[in-house]
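Colleague: Listed below, chain by chain, are the residues.
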Amino acid sequence: SQTIHQWPATLVQPVGSPLSLECTVEGTSNPNLYWYRQAAGRGLQLLFYSVGIGQISSEVPQNLSASRPQDRQFILSSKKLLLSDSGFYLCAWSPGGAANYGYTFGSGTRLTVV
Amino acid sequence: AQTVTQSQPEMSVQEAETVTLSCTYDTSESDYYLFWYKQPPSRQMILVIRQEAYKQQNATENRFSVNFQKAAKSFSLKISDSQLGDAAMYFCAYTGTGNQFYFGTGTSLTVIP
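Going line by line, the protein sequences match chains A and B. Position 110, counted from 1, in the first sequence is what my numbering calls 110; the numbers after and before it change by one each time, with no gaps. Position 70, counted from 1, in the second sequence is what my numbering calls 70; the numbers after and before it change by one each time, with no gaps.
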């Protein structure tokens, strides 16, 4: 069966520090991968999605970046965090080709920038 | 562009009662899929129910059912016999021919004992 792992679960980082959040999927090949951010009490904002290795689409211009170095690995990064980067980050995957059966989400990372 | 609208930011229901959460969407596509996701306090997103637009029959999953009105572009979620564990944020979502989901802004459901 397919599983998605996301870590760390919680992170407190100072302003200006770097960020690296990692997401991996097991039990499938060539998944579509997504990074979402959710501010407190608000909806989901799509940050990046990827349909293959090295293929990244950005939905929101900001100081975050994403990379997909391996088929089932998706990394969210920042060189210098801002206070506004605080939030809850969710990784998700869907079978390659279409998302007809829905996304499967990771358990999320709660990021607090101080 | 596809949009998903949830007009009820907050709802409440008495335990064991029935509640309906509303969702409307806008699309020009004829083939698409609709979903309801639940986000409990743990913030793990859980798929509750899925509806294929070409199917007229409303999807059901145990106590959860939908009222899918394609012409009206409406997709409401009914929760029967509400339980304390149903308290969560509920998101309506749409996907069409592409890979992306479009989420509504969510409805926070409180279950009153």
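Misleading hints may appear alongside valid ones.
To be verified - Each pair of labels, with its calculated beta carbon distance range: (1) B/56 <-> A/77: 29 to 39 Å; (2) B/62 <-> A/2: 20 to 30 Å; (3) B/84 <-> A/9: 37 to 47 Å; (4) B/84 <-> A/16: 41 to 51 Å.
Treat the hints as calculated values from the structure; they're not laboratory data. Glycine included, C-beta positions come from ideal geometry on N, C-alpha and C.
Colleague: So the hint says 20 to 30 Å: do the beta-carbon atoms of residue 62 of chain B and residue 2 of chain A match that?
Modeller: Between residue 62 of chain B and residue 2 of chain A, where Cβ atoms are some 23 Å apart, the hint holds.
Colleague: Holds or violated: the 37 to 47 Å window for the beta-carbon distance between residue 84 of chain B and residue 9 of chain A?
Modeller: At roughly 25 Å between Cβ atoms, residue 9 of chain A and residue 84 of chain B fall outside 37 to 47 Å, so the hint is violated.
Colleague: With respect to the beta-carbon atoms only, verify the hint that residue 84 of chain B and residue 16 of chain A lie 41 to 51 Å apart.
Modeller: Roughly 43 Å apart at Cβ, these two residues keep to the hinted range, so it holds.
Colleague: State, for the Cβ atoms of residue 56 of chain B and residue 77 of chain A, whether the hinted interval 29 to 39 Å holds or is violated.
Modeller: This hint is violated: roughly 46 Å between Cβ atoms.
Against the hints set out earlier in the document, violations occur for numbers 1 and 3.
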